[in-house]
Structure formats: C-alpha cells, structure tokens
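K.L.:
I would like the entire structure built from these sequences, with the hints used as guidance.
This is what each chain is made of:
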Amino acid sequence: GAVVSQHPSWVICKSGTSVKIECRSLDFQATTMFWYRQFPKQSLMLMATSNEGSKATYEQGVEKDKFLINHASLTLSTLTVTSAHPEDSSFYICSAGVGTDQPQHFGDGTRLSIL
Amino acid sequence: DQQVKQNSPSLSVQEGRISILNCDYTNSMFDYFLWYKKYPAEGPTFLISISSIKDKNEDGRFTVFLNKSAKHLSLHIVPSQPGDSAVYFCAAIGAGGTSYGKLTFGQGTILTVHP
Numbered sequence: 001g002a003v004v005s006q007h008p009s010w011v012i013c014k015s016g017t018s019v020k021i022e023c024r025s026l027d028f029q030a031t032t033m034f035w036y037r038q039f040p041k042q043s044l045m046l047m048a049t050s051n052e053g054s055k056a057t058y059e060q061g062v063e064k065d066k067f068l069i070n071h072a073s074l075t076l077s078t079l080t081v082t083s084a085h086p087e088d089s090s091f092y093i094c095s096a097g098v099g100t101d102q103p104q105h106f107g108d109g110t111r112l113s114i115l
Numbered sequence: 001d002q003q004v005k006q007n008s009p010s011l012s013v014q015e016g017r018i019s020i021l022n023c024d025y026t027n028s029m030f031d032y033f034l035w036y037k038k039y040p041a042e043g044p045t046f047l048i049s050i051s052s053i054k055d056k057n058e059d060g061r062f063t064v065f066l067n068k069s070a071k072h073l074s075l076h077i078v079p080s081q082p083g084d085s086a087v088y089f090c091a092a093i094g095a096g097g098t099s100y101g102k103l104t105f106g107q108g109t110i111l112t113v114h115p
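Sequence lines, in order, name chains A and B.
For the first sequence, my numbering begins at 1 and goes up steadily by one.
For the second sequence, my numbering begins at 1 and goes up steadily by one.
Honestly, the hints are just simulated from the structure, not real lab data.
No residue lacks a Cβ here, since even glycine has one placed at the ideal position from N, Cα and C.
Do not rely on the hints blindly, as some may be mistaken.
[To be verified] The calculated DSBU-like cross-link candidates involving lysine-lysine, where the alpha carbons are at most 30 Å apart (straight line), are:
1) A/Lys20 with B/Lys68
2) B/Lys38 with A/Lys14
3) B/Lys68 with B/Lys102
4) A/Lys41 with B/Lys102
5) B/Lys68 with A/Lys41
6) B/Lys102 with A/Lys20
7) B/Lys71 with A/Lys66
8) A/Lys66 with B/Lys68
9) B/Lys5 with A/Lys66
10) B/Lys5 with A/Lys64
[Unchecked claim] Estimated spans, in silico, between C-beta atoms of each pair:
11) B/Ser12 with A/Gly53: 42 to 50 Å
12) A/Asp27 with B/Arg61: 21 to 29 Å
13) A/Leu26 with B/Arg61: 40 to 48 Å
14) A/Glu87 with B/Gly16: 42 to 50 Å
15) A/His85 with B/Lys56: 46 to 54 Å
16) A/Leu26 with B/Ala41: 16 to 24 Å
17) A/Ser73 with B/Gln81: 37 to 45 Å
P.N.:
Laid out in structure tokens, this is it:
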C-alpha cells in the first residue's frame, strides 16, 4: 500500500513552454502533499506544501508564479512550471503522508529538461 | 544553512560487513528522523525512522541510533549486500510535526557495497 504515482517521468521541451507534473496517491487520501526539487548530486529541497482545497505554502525563495501548485482532490496534486527556462531543468519529486506517525512516501520523480 | 548534514559523500564497504552512515543536525526542534534510500532517476524509498523519545530502532538488517545530546544519528546496515548500493538520505521533521511535517534532507551519502 501507500503508493504515490508521478507523471510524466521525463519531459524534454523547449524554453518558454509550460509543463505540468501530476502526483497521485493511488491507494490512500492525502490532504497534504509535498513538492521537492533535486539538483545533481545535491539534496532534495522542499519547494512547497500542497494542501487540498487551499493555497499551497511555498518555501522561501520559490517563485509562486513560476511554480503553480493545485491540489484539487485528496488524491491529486499538480505542479506546473510556467514558461520554463533551462535553469528550471531539474528532478522534481512529490511525496504524501499516509497518516500520523507514518513516513511520507515518494513518487518516482520527474526529470525535466528544458532546451 | 544546512540543518541536516551528512558529511561523508560516499562510503565503500565489503559485502557482509557493516555499513555505518552518519547524520548530524543542528535544529534542536527536530523530533522525528527518517532514512531514505534512493536510486538514480527514482524517488526516495523509506527505510526506517526513529522518534526523538527513542535512541534505537531496529528493522531487520537496518538499525538507526539517535544521540540527542550530540544531535547525531546513524544508520547501520549489517550484513551489507551489493543490492544496498544506493544513495542514502537522512531526513528530519520539526517538533509538533507528524508525517505531514516538512522533511529537511541531508545531502546524501553514496553507499557502494563490493561483492
């Protein structure tokens, strides 16, 4: 149980394109999901906390207008990278908590490459 | 400011021997710690966790030790197997947080287990 699915797994697109990444909890409901970003050989950095039915909470330094987060249901959160540029190329990962005192489970990530 | 630190970027161990991965933290408000294992281009997989009220938690070949006074935790893998080769991330959650809390990750340690 506790499967988190992320789609797509790999995206290559031109600069200026907007890219949407989906994160789904397949067998549980997640009122809160988290979006992380990882640069090569670096740690996972939390970008934002996605709350079902309300606005996302962004970490300091993360542009809200650049990284749009929507948590429309208890099983789906989306991250849209708007007008993506090469510096946005990275590995994006989402996670969700099953419940109290249970570890967060992660999706398999999305590798975004902007040309 | 790196609040969770894994000072060893890599560790090489012979199969069958013990692997010890270390993690230090600076934020005394952290009260729940987790270890994740990650393969390239995949999301992290939860391994084991420990609450700050404990000093040891064991699950099969994996044992996590917590020294609160030293703000230090370690992951022991014994016996180590070649399949354990991966990047290991230490993560922490702030006080009052549950699994819904924001994870702060260390930089990761690349473990290589030689046959």
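K.L.:
Run every hint past the structure and note whether it holds.
P.N.:
Hints, one by one, checked against the model:
no. : hint                             : in the structure
1   : A/Lys20 with B/Lys68             : violated, 41 Å
2   : B/Lys38 with A/Lys14             : holds, 29 Å
3   : B/Lys68 with B/Lys102            : holds, 20 Å
4   : A/Lys41 with B/Lys102            : holds, 21 Å
5   : B/Lys68 with A/Lys41             : holds, 28 Å
6   : B/Lys102 with A/Lys20            : holds, 23 Å
7   : B/Lys71 with A/Lys66             : violated, 36 Å
8   : A/Lys66 with B/Lys68             : violated, 39 Å
9   : B/Lys5 with A/Lys66              : holds, 29 Å
10  : B/Lys5 with A/Lys64              : holds, 28 Å
11  : B/Ser12 with A/Gly53: 42 to 50 Å : holds, 48 Å
12  : A/Asp27 with B/Arg61: 21 to 29 Å : holds, 27 Å
13  : A/Leu26 with B/Arg61: 40 to 48 Å : violated, 28 Å
14  : A/Glu87 with B/Gly16: 42 to 50 Å : holds, 45 Å
15  : A/His85 with B/Lys56: 46 to 54 Å : holds, 47 Å
16  : A/Leu26 with B/Ala41: 16 to 24 Å : holds, 20 Å
17  : A/Ser73 with B/Gln81: 37 to 45 Å : holds, 40 Å
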